[in-house]
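For the protein sequence lines, the chains are A and B, in the order given. Just so you know, the working numbering puts the end of the first sequence at 569, numbered straight through with nothing missing. Just so you know, the working numbering puts the end of the second sequence at 569, numbered straight through with nothing missing.
These are computed hints drawn from the structure, not numbers from a lab. There is no bait here: all hints are sound.
Intra- or inter-copy, both count: the list cannot distinguish identical chains.
Once the Cα atoms are required to be at most 27 Å apart in a straight line, the calculated DSS-like pairs of lysine-lysine come out as:
1) Lys-308 x Lys-297
2) Lys-463 x Lys-158
3) Lys-158 x Lys-552
4) Lys-259 x Lys-552
5) Lys-430 x Lys-446
6) Lys-308 x Lys-189
7) Lys-358 x Lys-340
8) Lys-463 x Lys-161
9) Lys-158 x Lys-459
10) Lys-259 x Lys-388
11) Lys-340 x Lys-459
12) Lys-340 x Lys-463
13) Lys-388 x Lys-430
14) Lys-156 x Lys-552
15) Lys-459 x Lys-161
There are 2 protein chains.
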Amino acid sequence: MPFSLNKRGEATIQKGVNITKSPIEELEAKGKAAKAASRRMAYLPSEVKNNALRNIASDLLAKKNRILTANQTDYREGETQGMGTAMLDRLMLSTDRLESMAQDVLAVAALPDPVGEVFDMRTLPNGLQLGRKRVPLGVIGAIYESRPNVTIDISALCLKSGNAIILRGGKEAVHSNNALAKVVQEAIARAEVPDGAVQFIENTDRTLVNHLLKMGGIIDLIIPRGGAGLIKFVTENAAMPVVSGGIGVCHTYIDRSADLNKAVAIAFNAKVQRPTVCNALDTLLVHADIAERYLPLVAAEWAKAGVEMHCDERALDILKPQPSLKLVPAIDKDWGKEFLSLAAAIKVVDSLDEALEHIERYGSGHSEAIVTEEYEAAMRFLNEVDAACVYVNASTRFTDGSQFGLGAEVGISTQKLHARGPLGLKELTTYKWIIFGSGQVRP
Amino acid sequence: MPFSLNKRGEATIQKGVNITKSPIEELEAKGKAAKAASRRMAYLPSEVKNNALRNIASDLLAKKNRILTANQTDYREGETQGMGTAMLDRLMLSTDRLESMAQDVLAVAALPDPVGEVFDMRTLPNGLQLGRKRVPLGVIGAIYESRPNVTIDISALCLKSGNAIILRGGKEAVHSNNALAKVVQEAIARAEVPDGAVQFIENTDRTLVNHLLKMGGIIDLIIPRGGAGLIKFVTENAAMPVVSGGIGVCHTYIDRSADLNKAVAIAFNAKVQRPTVCNALDTLLVHADIAERYLPLVAAEWAKAGVEMHCDERALDILKPQPSLKLVPAIDKDWGKEFLSLAAAIKVVDSLDEALEHIERYGSGHSEAIVTEEYEAAMRFLNEVDAACVYVNASTRFTDGSQFGLGAEVGISTQKLHARGPLGLKELTTYKWIIFGSGQVRP
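This is chain A alone, in the form it adopts within the complex (with noise of 0.2 Å):
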């Protein structure tokens, strides 16, 4: 096959009169493509978007042949490149894995349709209507990490709410996420969704990821999902906006009121029902007055499930005479440290308001609770405290789009602007004022 230099010193291959993009104009050429797609998708009927949704799920079944073999691949290559387990767990697909997808987005066909209210709808005195109207975003951008079931719920949820789409996925999964990517492409085009709704760029060249990020006047949003390392990336290099769910530092405050009960059960199940996500219990922060009785039993819950206790001197004072307790003198880091595993701070305070200090300080703005039986005390924590999430007697673990009724989620924002909290469907719209007039000039 001829291969050549063009003028701009990119590598194209000349066969017959197809000339190869380079990788940069391959990449805009997608983004005009969903920009063009996303015209069409703003007032695409519910109906299609759902039978797209539908055929996804049909088709995960279907072709899971191609799909699992994808990712075989993808699983070899990473065994071959030292892949930990836990790594390699979260890459595998399976047929189960593949039943569990499908239903995920046929639970998103099934929600109500965001696009398309009018809120806010009135007469004004000169005879204008005008009102707002919910409308999609447009393209949102995806870059993400491992996970190749990101893929799809991305694409579903994104579809739903009539927006287009561009993937970038990981290295890692590049092969399952192309195929998952091809199996959505057919699946939307057989149910007449525009073409170039749904854009996945094959190419991992990190220097892509830059000029994506550069790509302000296409893409609307942009969504990392993955590391740390990865959110602080776009979220610095983005021409765009950015929706991220940060960090989720997580504080319990069990008020001197606190029913014991209740407080053990919702601190144990904070930290320890799945202690490696953003709203796990962080720093748990006891009323000096209910300390000494307490500590010792949810310290005590805490012990079997192999918790790590990093305690300021009061608390561990009250628990020294439990032998049996992974006991660590706490560090000025652990407050406001998220500790994303079996670990936990606790601190003692003397007041309601020290602990509303404390949250304040060292807090995320993501989940907090208190447990109290006073009226007083939860009406102030849920007016003082300033977090996506705010909570009265309940575990932090329900911040979750599907836990708060939602459906589903692309995920948490720590921001205030536009979303606050689990990210569903209506937060992936914006609104356009509509204006009903029948010759009104201003005067």
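Guided by the hints, dock chain B onto chain A, whose structure is given.
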């Protein structure tokens, strides 16, 4: 007065035990004070905020001598430095202008409080009750130029929406702004609004703006108000979210079925009623079927107002026979140009589709209008145009917070995230999830 450099090389003036802070330290202290105040502002009763606003309104008149004296200093300096008449007029305050500012503040006091509204509240199957509660954003930074009334406007809107504010006005109005900010600070103190809720940066050194734009942990939102240069600088350098109007390239499309009287009145109003603002008409698109009847009518009206018409070839052919018109052949740069003056581009198109494509390509997502008597054309335009405000049979000049019934506005957003179009009180808020439990843990 003893004068020395401290360890960090900053000038300090020793005056008893007081050590003067460096400008940067002072700015940071103001930021911290605003942040601290914002926590209490979040749950301040509406009545306290409204009392503060009423105090501001009455003090603007009671303390008018102090304000006008400061304004005269700015005015004289402006004159000395050769400031143009238009700029001087924008700078000037008078008893009338103060009275009108006071009226605006009272109007904000009369608006409903956006804070505290609870919405989407529901009870989940597990008994958790959850919903979203509207809360202030926190600390808002405003960077603005020239018109001193912005000091009062933005202070009033931020106070009403429960936000603390850091004001940084332009050098040319520094005495006026300082006097107005002091009036605000004194007025709100009497109403028991937390100290520190309104901060004013007297020092007009540009490096302080750079520092302000990096205070991402303190300031939740920056609002630039001024020329394109200021907005660009702020957008490119801010470490926190920015809401800015950007430019308004507004099209009015006259469909083949348009009512000629409405079409003339709307285009005239959109271009002439106030040509220097972002929602004024820039390009008139006219369907070929109606162009020969419509264009001479609108052009004659525009000519009376002195509008210069940048016409494409077809429009030029139609209008040439009218000798009294200011006609200019359109150049490429006229499409997508924000004229901000008595000038407009005119293009004849063959179809609604061509008009939609032109708007898609050249519009800035601000305000777009169609004039039509055909239902289907109206609905397609409303559906397919992607802009903050889309009109049928009305002038784009209505894009304005008070025209839309939002009471007041801090600006008009052409971005898609968070808020689109006129930004009123509600758009200066966010929400947090509040969750009332009774001991629930996640299974």
